[in-house]
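Trainee: Position chain B relative to chain A; hints supplied.
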Amino acid sequence: MNIMTSDLKLVEEPKKPLAMDPKKFALWLFIITVVMVFAALTSAYIVRQAEGNWMVFELPVEMWLTTATIFLSSITMHWAYLEAKKDNLERVKLALGITTLLGILFLVGQFYIWGVLVERQVYFVGNPSGSFLYVISGLHGLHIVSGVIFLIIVLISTFKYKVHSKKLSQIQMCATYWHFLDVLWIYLFVFLLLNH
Amino acid sequence: MATADIHITEETHHDGHEHDHDHHGNFWTTYVFSTDHKMIAKQFLISGIFWALIGGILSVIFRLQLGFPEAQLDWLKPVLGEWITPEGKLDPEFYLALVTMHGTIMVFFVLTAGLSGTFANFLIPLQIGARDMASGFMNMLSYWFFFVSSVIMFTSLFIETGPASGGWVIYPPLSALPQAMNGSGLGMTLWLVAMALFIVSSLLGGINYIATVINLRTKGMSFSKLPLSIWALFLTAVIGLLSFPVLFAAALLLIFDRSFGTSFYLSDIYINGEALPNQGGSPVLFQHLFWFLGHPEVYIVLLPALGITSEVIATNSRKPIFGYKAMVGSILFIAILSFVVWAHHMFVSGMNPFLGSVFMLLTLIIAVPSAVKVFNYLTTLWRGNLRFTPAMLFSIGLVSFFISGGLTGIFLGNSAIDIQLHDTYFVVAHFHLVMGSASFFGMLAGIYHWFPKMFGRMMDAKLGYIHFWLTFVGVYMVFFPMHYIGIAGYPRRYYSFTNYDVFNSFSDLNMLVSIAAIVTLAAQFIFLFNFFYSMFRGRRASANPWQSNTLEWTTPIEPGHGNWPGEIPTVYRWPYDYSKPGAKEDFIPQHIPFSMTPESNLPHENDLIKLEGDNDVEVVKVDEKK
Numbered sequence: 001m002n003i004m005t006s007d008l009k010l011v012e013e014p015k016k017p018l019a020m021d022p023k024k025f026a027l028w029l030f031i032i033t034v035v036m037v038f039a040a041l042t043s044a045y046i047v048r049q050a051e052g053n054w055m056v057f058e059l060p061v062e063m064w065l066t067t068a069t070i071f072l073s074s075i076t077m078h079w080a081y082l083e084a085k086k087d088n089l090e091r092v093k094l095a096l097g098i099t100t101l102l103g104i105l106f107l108v109g110q111f112y113i114w115g116v117l118v119e120r121q122v123y124f125v126g127n128p129s130g131s132f133l134y135v136i137s138g139l140h141g142l143h144i145v146s147g148v149i150f151l152i153i154v155l156i157s158t159f160k161y162k163v164h165s166k167k168l169s170q171i172q173m174c175a176t177y178w179h180f181l182d183v184l185w186i187y188l189f190v191f192l193l194l195n196h
Numbered sequence: 001m002a003t004a005d006i007h008i009t010e011e012t013h014h015d016g017h018e019h020d021h022d023h024h025g026n027f028w029t030t031y032v033f034s035t036d037h038k039m040i041a042k043q044f045l046i047s048g049i050f051w052a053l054i055g056g057i058l059s060v061i062f063r064l065q066l067g068f069p070e071a072q073l074d075w076l077k078p079v080l081g082e083w084i085t086p087e088g089k090l091d092p093e094f095y096l097a098l099v100t101m102h103g104t105i106m107v108f109f110v111l112t113a114g115l116s117g118t119f120a121n122f123l124i125p126l127q128i129g130a131r132d133m134a135s136g137f138m139n140m141l142s143y144w145f146f147f148v149s150s151v152i153m154f155t156s157l158f159i160e161t162g163p164a165s166g167g168w169v170i171y172p173p174l175s176a177l178p179q180a181m182n183g184s185g186l187g188m189t190l191w192l193v194a195m196a197l198f199i200v201s202s203l204l205g206g207i208n209y210i211a212t213v214i215n216l217r218t219k220g221m222s223f224s225k226l227p228l229s230i231w232a233l234f235l236t237a238v239i240g241l242l243s244f245p246v247l248f249a250a251a252l253l254l255i256f257d258r259s260f261g262t263s264f265y266l267s268d269i270y271i272n273g274e275a276l277p278n279q280g281g282s283p284v285l286f287q288h289l290f291w292f293l294g295h296p297e298v299y300i301v302l303l304p305a306l307g308i309t310s311e312v313i314a315t316n317s318r319k320p321i322f323g324y325k326a327m328v329g330s331i332l333f334i335a336i337l338s339f340v341v342w343a344h345h346m347f348v349s350g351m352n353p354f355l356g357s358v359f360m361l362l363t364l365i366i367a368v369p370s371a372v373k374v375f376n377y378l379t380t381l382w383r384g385n386l387r388f389t390p391a392m393l394f395s396i397g398l399v400s401f402f403i404s405g406g407l408t409g410i411f412l413g414n415s416a417i418d419i420q421l422h423d424t425y426f427v428v429a430h431f432h433l434v435m436g437s438a439s440f441f442g443m444l445a446g447i448y449h450w451f452p453k454m455f456g457r458m459m460d461a462k463l464g465y466i467h468f469w470l471t472f473v474g475v476y477m478v479f480f481p482m483h484y485i486g487i488a489g490y491p492r493r494y495y496s497f498t499n500y501d502v503f504n505s506f507s508d509l510n511m512l513v514s515i516a517a518i519v520t521l522a523a524q525f526i527f528l529f530n531f532f533y534s535m536f537r538g539r540r541a542s543a544n545p546w547q548s549n550t551l552e553w554t555t556p557i558e559p560g561h562g563n564w565p566g567e568i569p570t571v572y573r574w575p576y577d578y579s580k581p582g583a584k585e586d587f588i589p590q591h592i593p594f595s596m597t598p599e600s601n602l603p604h605e606n607d608l609i610k611l612e613g614d615n616d617v618e619v620v621k622v623d624e625k626k
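The listed protein sequences correspond, in order, to chains A and B. Its first residue numbered 1, the first sequence is counted upward by one per residue in the numbering used here. Its first residue numbered 1, the second sequence is counted upward by one per residue in the numbering used here.
Isolated chain A, as found in the complex (with noise of 0.2 Å):
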């Protein structure tokens, strides 16, 4: 019956037939942009990787661990969401507190990658198989960076009470741009253990 109700409320306003928040929606469609962009990156490692004259080396280890950075801070992304939902405001500024911990701990891994990369002699310039590396991870980290002021953003308006059960829409957008970028990297990382 409740499910009732709220289906015909939908129909007695029809004024918005999807009736989605423009700026979720508008979240959507940026992803959808930077999807497009790591597309093209990818799909150009591999046209590039099949005309030869590709060096190839090892992926650094310490990538694995900060691939499990990023994948534990979406879980504690995931269960901020989830105390907000519960109105327990303490756990929310906990969770988003090791959230933006672990994507500046991510970050300052990737960047300590790229020295381990120097160390092993494969630099930003010359072969484009090294080059493309840091281009991904550094478009990436550049969008981490974005998501941290976010998760900033959000933080601040959970100490402003501007987060709880009745206003959710901030932390709902936040946590699905975290999310994304989250599984962007997987892919990105899946992508260059299977291509590099």
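Hints listed in this document are in silico derivations from the structure and should not be mistaken for laboratory results. Ideal Cβ placement from N, Cα and C applies to all residues, glycine included. A couple of the hints might just be wrong.
Computed beta-carbon distance windows for the label pairs [unchecked claim]: (1) A/I31 with B/P593: 49 to 55 Å; (2) A/L89 with B/E558: 18 to 24 Å; (3) B/Y500 with A/I32: 45 to 51 Å; (4) A/W28 with B/G560: 42 to 48 Å; (5) A/K162 with B/L602: 32 to 38 Å; (6) A/I32 with B/L76: 23 to 29 Å; (7) B/F532 with A/I31: 40 to 46 Å; (8) B/N26 with A/L94: 44 to 50 Å; (9) B/F27 with A/S169: 56 to 62 Å; (10) A/I31 with B/I609: 41 to 47 Å; (11) A/S169 with B/V340: 34 to 40 Å.
Mentor: What follows is chain B alone, placed relative to chain A:
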């Protein structure tokens, strides 16, 4: 969940309504940093017209060189300065800069930003019945990114080493190495920066257009009742959203190659006998990435023009558009195909010939939806009560160019024939007709048609007719001869042909083309005068001057912020009820319910009447379905 979401949208809706009452801002918020979609559309339009003028003048300068290779151009010195050599000739490198900038400006700044930016912003909220775009702020940002991009691109015209000169497709290594030519130095850097900002602007705009069409349609405006102009603008935005990020990726790698020494596109290059350190890059990779945007870009340019034409032709034929669903289907089909044909630009790049035949097949398939569109335009015109307004003439002109330019596309799409025709004037003739002139005519048709809604005044029709005939004949005089020159093997982007005996027989034809180009450009000043004069002194427009069905004509003559002073009208019928048998007038606007037109309703429309009442009835209807 559903209820929560509804409340959010209701809130935003309410905001828009409040805005409507206290929108009397100062000069800056009304005309400059406006978030009103109508003002932003006008900003895009004026910028687009400015760029079209610049692009047109550039083309006439290089046409002077091609048509009159012996002429003394000293008189251009006050404008072009050092670009005129001491012998009174055009500097050959500047010639390359001219064609590059002409292409860049026309494709991106005029026919993408000027066309989509103007009409998507103007028409989407007005025709779907929304108070504004999904995000007015993002919309404003979109224009200002475009503006900054324009300023940078414009500045690059005046720097000492000249603007980018490697062609609008900026193929590396030419564009990647500053040593290659003057234009590949600072000019190319500015080009890349400007285009990066342009992409941001396009994406901000596109996200907004899509979000608006999907989320903010008025009551009753289902997708099957959308005007075709909205369908076209919507799918254009989708294409842009998917293809511009790829150009961004391509440009990013090019920037790294240019400024940081990477070798994505560079390999085995010797300059003055010295080898460059770059090893292992692939220039064909750039072509793949570029044309993955580049080909959809053709449809980003063309589809809005086709959508506008559908609207104008149906209105001025006083007939329903022929094959509405086929029109929507063909736009959709073209949009999908546009992503799988890019390599037909690269048949002679050394690509695998087998791949070439796959792309050839896919390319030729595009002829099918294109032919469907042409057929539907012609059958809409067939036995209609034609009203030859200037907008109608330009729309018919578009159909003409779409046919004559489209036919040569069938030759060019053939990978074997392309070996002869690639990069000749035949290609130039083809795309200038089918994409350049057709889209340009669509844009002009749109301006003539919606000018009354934009400025509350009418443009002068007589000047419009003169403008049309001069431009229409001029365009054919310019581009038709180019087919012959191209078949003879005349390559594009060459500075001079006087050294080759083979091409001497074409010098008078080239002269004709140049004269026609000058006359055509001159004719555009008639339009400019008409446009700006009518904006202030034109005859006052009536509420619905073309007796059109779409929602924008139900707004006040000069709509304020929020578009409709009262409630947004509800939509009951499709937008093409022209000359409906039995109807009192030859048009029935979309917001007229079937209950008010019993004399012209078809049997199934009579059944819809009982659903038009209050909302309770509709709830019952949904329950029955479940």
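Trainee: When the structure is checked against the list of hints, which entries are broken? Sort them ascending.
Mentor: Numbers 1, 2, 4, 5, 6 and 9, in rising order.
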